[in-house]
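Engineer: Turn these sequences into a full structure, and let the hints guide you.
Chain by chain, the residues:
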Amino acid sequence: MFKYLKQLTSLVAMVAVLFTFTTETMAAKKSKTLKNTQKKGFVRCGVSQGLPGFSNADAAGNWTGVDVDVCRAVAAAVLGDANKVKFTPLSAKERFTALTSGEIDILSRNTTWTLSRDADIGLTFVGVNFYDGQGFMVRKSSGITSTGQFKNGISACTNLGTTTELNMRDFFNSKGISYEPVTFEKADEVVAAYDAGRCDTYTTDKSGLAAQRIKLSNPDEHVVLPETISKEPLGPVVRQGDAVWEDIVRWSLNTMIEAEEYGITSANADSMKTSDNPAIKRLVGAEGEMGAAFGLDNEWNLRIIKQVGNYGESYKRNIADTGILPDRGPNELWTKGGILYVPPSR
Amino acid sequence: MNFKLKDIGPQLITVIAVVLIFGFFTYNAQVNMENRGIDFGYGFLSQEASFDVQFSLIEYDGSHSYFRAYLVGLLNTILVSVIGIIIATILGIVVGIARLSSNYLINKFAAFYVEFFRNIPLLLQLFFWYFAALRTLPLPQDAESFFGVFYLTIKGLYVPAFVWENFNVFFYSIIAAFVSIIFVRTYAKKVQENLGKQTPVLLISIGLLIILPLLSFLIGGVDLSFEIPKLKQLATTSFVYDGGLSLPPELIALTLALSLYTATFIAECVRAGVQGVGKGQKEAAASIGLTPNQVLKLVVMPQALRIIIPPTTNQYLNLTKNSSLAAAIAYPDIVLVFAGTALMQTGKAIEIVSITMFTYLSLSISISILMNWYNKKIAIQEK
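First to last, the sequence lines map onto chains A and B.
For the first sequence, the residue numbers in my numbering are 1 to 346.
For the second sequence, the residue numbers in my numbering are 1001 to 1383.
None of these hints come from the bench; they were simulated from the model.
It is possible that some hints are incorrect.
[Unchecked claim] With a straight-line Cα cutoff of 30 Å, these simulated DSS-like cross-link-like pairs (lysine-lysine) come out: (1) B:K1108 - B:K1232; (2) B:K1321 - A:K186; (3) A:K175 - B:K1376; (4) B:K1197 - B:K1279; (5) B:K1376 - B:K1282; (6) B:K1230 - A:K151; (7) A:K175 - B:K1230; (8) A:K316 - A:K186; (9) A:K140 - B:K1230; (10) A:K151 - B:K1232; (11) B:K1232 - A:K140; (12) B:K1189 - B:K1279; (13) A:K84 - A:K35.
[Stated by the list, open to error] Counterexamples of contact, computed for chain B against chain A with all Cβ distances above 12 Å: (14) I1021; (15) T1089; (16) I1106; (17) Y1187; (18) K1189; (19) G1221; (20) L1296; (21) T1346; (22) I1369.
Yeah, the Cβ is synthetic: ideal placement off N, Cα and C, and Gly gets one too.
Structural biologist: Structure follows, in C-alpha cells:
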C-alpha cells in the first residue's frame, strides 16, 4: 500500500506540475500588446513620412504601400478588419523611440535589420519584407555612370540617423575619396536640397531612390547608378518583451509570402478551403489549429489573404504598377529565382 | 511648536511629493528599460562614432569618439550663436535707433522691417532662406566672383584662406594693442577727473590697433598670404571650389535667419530703452552745454542701457536656443549631430537627451551670468 502511495503522490505531483505549466503558458499566450490592441480596436503602426510604394498617404489620408500592408495584415488577423490601423508618420530619428516608449506597437518603416539595432535598443526584427541595398543617384548631365568616377570634394545628401550615413562613410573611406556629407532629418528636405543642386549625389536605399526620383522636378534628368554598396534587409520591428505579439507580426508577414508561393490570392482564397493540398488548407484556416498558439481564431490567415492579398499582389499594387521598381529582383520568391523564403506555416 | 509645524508642514509635504514623483518616474523608466533589455550608461561616449560630419571647427572624422562628435556639435552651436548674437546686436541697435529717427523714410523702413520679421515664424524664415533663397544662387561653375576671390554659390560661400607666417608675433601685437588701450583709457579718465581735460581716446585706440600689428609685419617677420579658391571639375556638369575657406550655405542661412529675426526684438528693446529716458534729462544735459553726441553718450545711453540689457539677455538666450532649429536645414549643430545621428546610432535616448538638455542649460546660464555681471556693472551705483 505504502509502495503505491509514493508512486501515486509523484504521479499527482507530476500532473499538478504539468497542469500549472500549461495554464501558465496559456496565460502567457494572451499577450499584453494583443490584449491592448483588441481593447482599443485598432493597431498602432509607425510608418514613414511619405515614401511612395512603401508607406505614403494620398490627399484623402489613405495610406498605401508594402510597409503599410504589413500593419493591415496584422489588423486583419487580430481585429478582423484590415482598415483598423492608426498610422503614425515618423522620421528616421523618431522611429525607435516611438516604438520603445509604447507610442506604436509595430514599426513598419523601411527599417534596416542590423545586429546593433536588434540587440542594443530593446527591439526585435520579425522578418524581411523587402531586400534592398544602398545606391547613389546623380544628374544624367554630370556624365557619371559609375561610382568609380566619384572624385575628391563630392557632396552627398542623405537622411539623418540611418544606416546610410554609416555605409556612406565606409564606402568613401574604402575608396579614399574625401566627401561632404549633408544630412537632413526629413526625406523631403533631402530631395529638395539635391534637386536645387546643393549636392552632387543623393544616396539612400535603392528602393528609396527610385521612389523619391518621382518627386524631383524633372525625374528624367536623374539616374540611379548601378552599384549597390550595402545589404539593406528592410522589415517590420516590434518591442522586445512580448514574444506572442512578435510571433503574430512575424507570421502575418510570412502568411502573405507563403500565400503567394501556393498561389492563394485575395480573389481565390475562399475557394482554396477545399483544396487537396494540406499546406494550402492550413493557410486558409481549413485545417489544423494555426491561430490557437497566438490566442486567435482559426481564420486569421484567411482574413489577411482576403483583405490585404498575398505578397505578390501587394508588391504589384504598390511598387510595380506605380512604376517605382517594376522588376522584383531579389524580392521574387525563391521558387522563381529570388530570395524570398519563409518557414512553413504548420 | 505648533506654530512651527504649521510653517514647515506644507513645505515638507511639497518636497516629499516632488521627490516621490521624480522617484516614481525614475523607477518606472528603470523597470521598463530592464524589461526591454535596454542598458543605461554613458560608456558609449568613448566608442567610435563611425559617422562623418559635414562641418567642424575641430579635427573630426568617423574614427573619433562619440564624445568628440558631441564637441563638434557643441562648437558649431556656439559658433552660430556667437555670430548670430553679434550681428543681431549691431543690427538691432541700428534699427532701434532708426525707428526713433525723424526722417520719415528711415523711420518707416525700420518699422516695416521689425513688424515683418518678428511676425513670421522663425522656422518658416529658415526654410525661406535655405530652400527659396538658396535655389536662386548659381552653381559653382556659373558663379561670378566678388573682387576675383569670393564666390557665392549654391554649395557655399568660398573665401580666400589666410596663410600666416609667424602668426604668434602678430597675435602678441594685437594683445599688446589692447593692453595699451586699457592703459590709455585709465590714464585719460584720471586726467579728466584731476584736470578736467578731455583726451581723444577713440582716435588713440584706433591708432594703436593699426600701428602695433603693422609694426609686427614690418619688423616682426610676420607674413600673410592668401589661398584663393579655385574651380575644380568633379564631372561634366559638376564642379566645386578647392582651396581657400568654404562656409556651408546651411551656416549662412541659419545665421541670417537667426540674426534677422532676433534683431527685431533687440531693436524694440533699444527703442524702449532710449524712449524710457526722461525728456527732461536730455534737455537738462543740453542746457549745461553738452554737445548732442555727449548727451547721447554721457546722459542718455547709460540710463537707457539699464532698461535695454535685461530684455536683451532674454533675446540672446532665445537666439541660442533657437539655433537648435538647425536640424531642419542640415547644419550640424548639437541637436543634429548628437541628439540626432548619435542618438540614432547608439539608441541611448535618455542619456543623450539628458546630456543635450544639460548642455543648453549650461550655455543659457553662462550667458545669463555674463549679462547679469554686465548689468550690475552699468547699474546706478547709489552713493
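Engineer: Next step is simple, just say for each hint if it's right about the structure.
Structural biologist: Status of each hint after checking the structure:
{"no.": "1", "hint": "B:K1108 - B:K1232", "result": "violated (46 Å)"}
{"no.": "2", "hint": "B:K1321 - A:K186", "result": "holds (21 Å)"}
{"no.": "3", "hint": "A:K175 - B:K1376", "result": "violated (58 Å)"}
{"no.": "4", "hint": "B:K1197 - B:K1279", "result": "holds (28 Å)"}
{"no.": "5", "hint": "B:K1376 - B:K1282", "result": "holds (24 Å)"}
{"no.": "6", "hint": "B:K1230 - A:K151", "result": "holds (16 Å)"}
{"no.": "7", "hint": "A:K175 - B:K1230", "result": "holds (24 Å)"}
{"no.": "8", "hint": "A:K316 - A:K186", "result": "holds (27 Å)"}
{"no.": "9", "hint": "A:K140 - B:K1230", "result": "holds (25 Å)"}
{"no.": "10", "hint": "A:K151 - B:K1232", "result": "holds (10 Å)"}
{"no.": "11", "hint": "B:K1232 - A:K140", "result": "holds (19 Å)"}
{"no.": "12", "hint": "B:K1189 - B:K1279", "result": "holds (28 Å)"}
{"no.": "13", "hint": "A:K84 - A:K35", "result": "holds (15 Å)"}
{"no.": "14", "hint": "I1021", "result": "holds (19 Å)"}
{"no.": "15", "hint": "T1089", "result": "holds (30 Å)"}
{"no.": "16", "hint": "I1106", "result": "holds (36 Å)"}
{"no.": "17", "hint": "Y1187", "result": "holds (52 Å)"}
{"no.": "18", "hint": "K1189", "result": "holds (52 Å)"}
{"no.": "19", "hint": "G1221", "result": "holds (34 Å)"}
{"no.": "20", "hint": "L1296", "result": "holds (46 Å)"}
{"no.": "21", "hint": "T1346", "result": "violated (7 Å)"}
{"no.": "22", "hint": "I1369", "result": "holds (33 Å)"}
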